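There are 2 protein chains.
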Amino acid sequence: MIINMERTTSQKEIIFKFLEKTESHPSAEEVYAGVKKKKPRISRATVYRNLKNLKNKGRIQEIPAEVSHYDGNISSHAHFLCQKCGRIFDVFEICQGCGILRKKKVKVGEINKFKLYLYGYCRNCKRK
Amino acid sequence: MIINMERTTSQKEIIFKFLEKTESHPSAEEVYAGVKKKKPRISRATVYRNLKNLKNKGRIQEIPAEVSHYDGNISSHAHFLCQKCGRIFDVFEICQGCGILRKKKVKVGEINKFKLYLYGYCRNCKRK
DNA sequence: TCCATATTGATAATCATTCCTAATTACATT
DNA sequence: AATGTAATTAGGAATGATTATCAATATGGA
Numbered sequence: 001m002i003i004n005m006e007r008t009t010s011q012k013e014i015i016f017k018f019l020e021k022t023e024s025h026p027s028a029e030e031v032y033a034g035v036k037k038k039k040p041r042i043s044r045a046t047v048y049r050n051l052k053n054l055k056n057k058g059r060i061q062e063i064p065a066e067v068s069h070y071d072g073n074i075s076s077h078a079h080f081l082c083q084k085c086g087r088i089f090d091v092f093e094i095c096q097g098c099g100i101l102r103k104k105k106v107k108v109g110e111i112n113k114f115k116l117y118l119y120g121y122c123r124n125c126k127r128k
Numbered sequence: 001m002i003i004n005m006e007r008t009t010s011q012k013e014i015i016f017k018f019l020e021k022t023e024s025h026p027s028a029e030e031v032y033a034g035v036k037k038k039k040p041r042i043s044r045a046t047v048y049r050n051l052k053n054l055k056n057k058g059r060i061q062e063i064p065a066e067v068s069h070y071d072g073n074i075s076s077h078a079h080f081l082c083q084k085c086g087r088i089f090d091v092f093e094i095c096q097g098c099g100i101l102r103k104k105k106v107k108v109g110e111i112n113k114f115k116l117y118l119y120g121y122c123r124n125c126k127r128k
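Chains as they are written, first to last, in the working numbering: chain A, 1 to 128; chain B, 1 to 128.
Calculated from the structure, these hints are not laboratory results.
Keep in mind the model is a prediction, meaning the values are calculated, not measured.
Mixed in with the good hints there might be a few duds.
Just so you know, same-sequence chains aren't split out, so a pair can sit in one copy or run between any two.
What the hints assert, rightly or not - Within a straight-line C-alpha distance of at most 25 Å, the following computed BS3-like cross-link-like pairs (lysine-lysine) qualify:
id, residue 1, residue 2
1, Lys-128, Lys-38
2, Lys-57, Lys-84
3, Lys-126, Lys-105
4, Lys-104, Lys-115
5, Lys-107, Lys-126
6, Lys-84, Lys-55
7, Lys-115, Lys-84
8, Lys-107, Lys-128
9, Lys-52, Lys-115
10, Lys-105, Lys-12
11, Lys-55, Lys-115
12, Lys-128, Lys-113
13, Lys-105, Lys-115
14, Lys-104, Lys-126
15, Lys-36, Lys-55
16, Lys-52, Lys-39
17, Lys-105, Lys-55
18, Lys-103, Lys-115
19, Lys-103, Lys-113
20, Lys-84, Lys-107
With these hints in hand, go ahead and build the complete structure from the sequences.
Given below as structure tokens:
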């Protein structure tokens with residue numbers, strides 16, 4: 001008998017697929033609202049629990065802010081957070097080759113991963 | 001009569017000085033515990049309120065995580081977050097000259113500031 | 001010193017997230 | 001296909017960080 005074996009559930013799959021196909025970086029609450037359409041009886045706790053698990057397994061990433069947001073895209077990219085409307089955008093124009101992003105060690109320890117957040121006004125908010 | 005004039009209070013000064021002279025990136029609760037030594041009757045709400053104000057004025061910076069931490073050093077530097085002990089370290093070995101950190105614009109908008117977080121194991125935790 | 005008002009202290013309220021637990025479900029084994 | 005058992009869920013209560021409220025206090029210009 002294998003113990004501690006992970007099981008696939010419809011809830012897990014729905015949550016992951018929802019994040020995989022959106023680019024809007026939804027909050028947990030927004031994920032909850034979204035997956036409810038497919039599975040109306042899903043529990044909020046299930047959403048939070050699975051977001052946490054998916055993150056710990058590295059299948060999604062969390063963007064910490066006043067309220068956490070989630071991104072199903074784990075490819076190497078930065079995030080632009082609009083200081084006016086609060087929307088989060090993917091930024092792929094990062095200089096992959098440059099020093100800091102290739103660095104594996106700094107004085108204080110060994111780097112496993114990094115996150116780069118850019119703050120400013122998005123195109124839409126800048127106009128006004 | 002000037003309205004909406006900011007006033008200096010001992011609470012504000014104590015909170016700012018506390019952050020200025022520490023390098024430990026304390027949470028709001030830790031700031032509260034620290035400034036209580038100088039001003040025992042200070043209120044928790046006053047600490048949260050002033051941390052928020054100082055941050056909005058750009059005099060300190062916030063490091064968002066499960067619980068927010070604060071840094072009185074607003075010079076350009078990255079943060080290393082140990083994935084084991086949770087401690088936060090300053091990293092000054094960032095490549096100031098390289099592309100992304102000098103960039104002022106990306107497709108989605110104009111960059112005012114950026115934050116770079118490095119994740120890994122600190123020297124102390126790596127040993128074990 | 002006086003006054004208008006910005007700020008504080010104390011506590012209640014809010015809100016995101018986690019915990020609890022009985023009911024349900026997945027899946028290895030029969 | 002049926003069974004047993006451990007993993008997972010639903011639902012609601014609990015937690016904990018942060019914010020709101022408001023009477024009391026303190027700042028700083030006149």
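25 Å Cα cut-off: does Lys-104 pair with Lys-115 within a copy, between copies, both or neither?
For Lys-104 and Lys-115, both the intra-copy (14 Å) and inter-copy (18 Å) Cα distances are at most 25 Å.
Is it within a copy, between copies, both, or neither that the alpha carbon of Lys-128 lies no farther than 25 Å from that of Lys-38?
Intra 38 Å, inter 46 Å, cutoff 25 Å: neither.
My question is about Lys-126 and Lys-105: at a cut-off of 25 Å on alpha-carbon distance, are they close within one copy, between copies, both, or neither?
between (38 Å within a copy, 12 Å between copies)
Measure nothing new, just compare the shortest in-copy and cross-copy C-alpha distances for Lys-52 and Lys-115 to 25 Å and report within, between, both or neither.
Answer is both; intra-copy 18 Å and inter-copy 23 Å each pass.
Cα distance capped at 25 Å. Does Lys-36 pair with Lys-55 within a copy, between copies, both, or neither?
For Lys-36 and Lys-55, the Cα distance is within 25 Å only inside one copy (20 Å; across copies 37 Å).
At most 25 Å between CA atoms: does that hold for Lys-103 and Lys-115 within a copy, between copies, both, or neither?
both (13 Å within a copy, 16 Å between copies)
If the cut is 25 Å between Cα atoms, do Lys-105 and Lys-55 qualify within a copy, between copies, both or neither?
Result: close within a single copy only, 24 Å intra versus 30 Å inter.
Intra- versus inter-subunit Cα pairing at 25 Å for Lys-105 with Lys-12
neither (35 Å within a copy, 38 Å between copies)
Should Lys-103 paired with Lys-113 be assigned to within, between, both, or neither, using CA atoms and 25 Å as the limit?
Both. Shortest intra-copy (10 Å) and inter-copy (21 Å) distances satisfy the 25 Å Cα cut-off.
If the cut is 25 Å between Cα atoms, do Lys-128 and Lys-113 qualify within a copy, between copies, both or neither?
For Lys-128 and Lys-113, the Cα distance is within 25 Å only across copies (20 Å; inside one copy 37 Å).
Quick one: Lys-84 to Lys-55, C-alpha cut-off 25 Å, is that within a copy, between copies, both, or neither?
Between copies, since 16 Å is at most 25 Å while 27 Å is not.
Homomeric proximity label, Lys-104 with Lys-126: Cα distance no greater than 25 Å
Between copies only: 14 Å across, 37 Å inside.
The structure does not agree with the numbered hints 1 and 10 stated previously, though it agrees with the rest.
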